[in-house]
Amino acid sequence: MKKISLLLLIALAGFMIKANAQDQKAESFTGATAHKKHYQAVYQLNNDDEKVIKATLKNINNALEDPRLKGKLEIELVVHGGGVAVFKKDKPYEQQLKDLQAKGVILAQCLNTMKERNISKEELFDFISFVPSGNGEIIIRQQEGWAVVHP
Amino acid sequence: MKKISLLLLIALAGFMIKANAQDQKAESFTGATAHKKHYQAVYQLNNDDEKVIKATLKNINNALEDPRLKGKLEIELVVHGGGVAVFKKDKPYEQQLKDLQAKGVILAQCLNTMKERNISKEELFDFISFVPSGNGEIIIRQQEGWAVVHP
Amino acid sequence: MKKISLLLLIALAGFMIKANAQDQKAESFTGATAHKKHYQAVYQLNNDDEKVIKATLKNINNALEDPRLKGKLEIELVVHGGGVAVFKKDKPYEQQLKDLQAKGVILAQCLNTMKERNISKEELFDFISFVPSGNGEIIIRQQEGWAVVHP
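Protein chains in written order, with this note's numbering: chain A, 1 to 151; chain B, 1 to 151; chain C, 1 to 151.
Treat each hint with caution, since some may be false.
No distinction is drawn between identical chains; accordingly, a pair holds when it is met within one copy or between any pair of copies.
[Said to hold, decoys possible] Taking lysine-lysine pairs in the DSBU-like style, the calculated list, with each CA pair at most 30 Å apart, reads: (1) K36 - K91; (2) K58 - K103; (3) K51 - K36; (4) K91 - K51; (5) K88 - K36; (6) K88 - K98; (7) K36 - K89; (8) K37 - K89; (9) K37 - K91; (10) K88 - K37.
Think of the hints as simulated: they come from the structure by calculation, not from any bench.
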């Protein structure tokens with residue numbers, strides 16, 4: 001009799017665990033499943049609005065931390081136009097940028113923007129890299145198979 | 001004599017129909033031709049501006065009704081950041097969203113946004129689905145071959 | 001002796017040229033390399049803000065002039081929503097548009113926008129082309145392999 005109760009208990013426990021797992025699955029998402037081993041995305045930042053800059057940096061972090069992409073996502077932040085603000089030494093983004101770089105994020109500044117706005121490399125953080133044009137970079141990356149996100 | 005007139009008339013009519021068809025073709029567009037059997041696009045909404053929300057919903061409808069894509073286009077609306085407004089019960093978008101859903105549009109809310117903004121699922125329409133991060137969703141979809149539109 | 005000096009001079013010159021080339025390479029960029037023979041990108045303009053219109057036209061030029069893409073890049077400018085302003089006869093963009101068209105840029109106006117806003121073709125420059133919907137155009141192009149840029 002005890003044996004049967006134990007078996008019933010185990011069966012019940014098993015049922016509850018399974019039901020719970022299904023609930024979680026139903027709740028978690030009905031979106032995309034990540035089948036690839038490696039993901040690549042270029043983020044475009046062309047706005048000096050503090051809200052947009054902060055949202056962009058946060059969005060990149062959210063993508064990197066997405067359980068479906070964690071450890072599998074390579075990102076490049078391409079900055080052009082007003083977005084150059086994020087790379088300026090007198091702006092407060094140094095630590096956030098270094099944290100992103102430590103996670104493998106490429107930080108790329110458009111050289112055209114610097115010419116057009118008369119900005120010298122000395123005004124920008126010395127750990128960033130440069131591309132001939134931000135727009136060209138965004139196009140080449142996509143044509144190489146990267147996704148694009150414009151927050 | 002009558003026979004020849006009739007033949008001429010038929011020929012003339014045929015010529016006119018053809019000329020008219022060519023005019024229409026010349027006028028209609030010089031853009032892309034849809035060769036594929038199935039199209040997929042993810043729409044990004046990350047703005048609480050009423051104009052942007054309305055434009056996004058209208059844009060999705062326009063894409064679904066494009067004669068080149070009608071019946072061949074699958075869409076997912078990915079909402080993150082301020083865009084969460086579109087899914088709030090106290091906002092006036094319920095019917096439009098249900099209409100889109102009836103046309104097969106997936107309605108996906110970013111769970112990160114809800115955590116960051118302390119929004120409970122009870123505040124949102126109960127017919128939407130959830131994704132770990134809106135940014136991850138947009139990236140995975142693109143890397144699976146979906147187009148991306150950010151209105 | 002003269003011969004040796006000459007050889008040394010040549011060697012020195014060669015070394016300096018090479019060192020200089022490496023400097024330039026190191027400085028130029030750490031971004032993407034363009035391996036393809038032909039690149040294609042669709043630009044989305046859906047804003048009547050003069051700044052956004054000007055930035056979009058400049059961005060297209062910057063992409064076309066990017067040394068990595070020069071002579072290899074095909075662009076279509078897809079205009080919908082408020083963006084229709086750029087094609088209006090009473091706006092000052094005629095010459096810039098003609099210059100872009102001369103560089104092969106396709107200028108495409110969304111017909112849905114014109115219906116919704118009651119705009120006649122007579123109000124727009126006569127050298128542009130039309131697409132059933134701007135959103136459909138952007139999706140079809142991407143699904144055909146084009147990159148997308150939304151300035």
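Here is what the structure says about each hint:
1. K36 - K91: Cα proximity of K36 and K91: none, with 37 Å in one copy and 37 Å across.
2. K58 - K103: within (13 Å within a copy, 33 Å between copies)
3. K51 - K36: Classified as neither: same-chain Cα gap 32 Å, cross-chain 36 Å, threshold 30 Å.
4. K91 - K51: Intra 13 Å, inter 24 Å, cutoff 30 Å: intra and inter.
5. K88 - K36: Answer is neither: 36 Å inside a copy and 33 Å across each miss the 30 Å cutoff.
6. K88 - K98: within (13 Å within a copy, 36 Å between copies)
7. K36 - K89: The answer is neither: 38 Å in one copy and 36 Å across copies each exceed 30 Å.
8. K37 - K89: neither (36 Å within a copy, 38 Å between copies)
9. K37 - K91: Neither. Shortest intra-copy (36 Å) and inter-copy (40 Å) distances fail the 30 Å Cα cut-off.
10. K88 - K37: neither (35 Å within a copy, 35 Å between copies)
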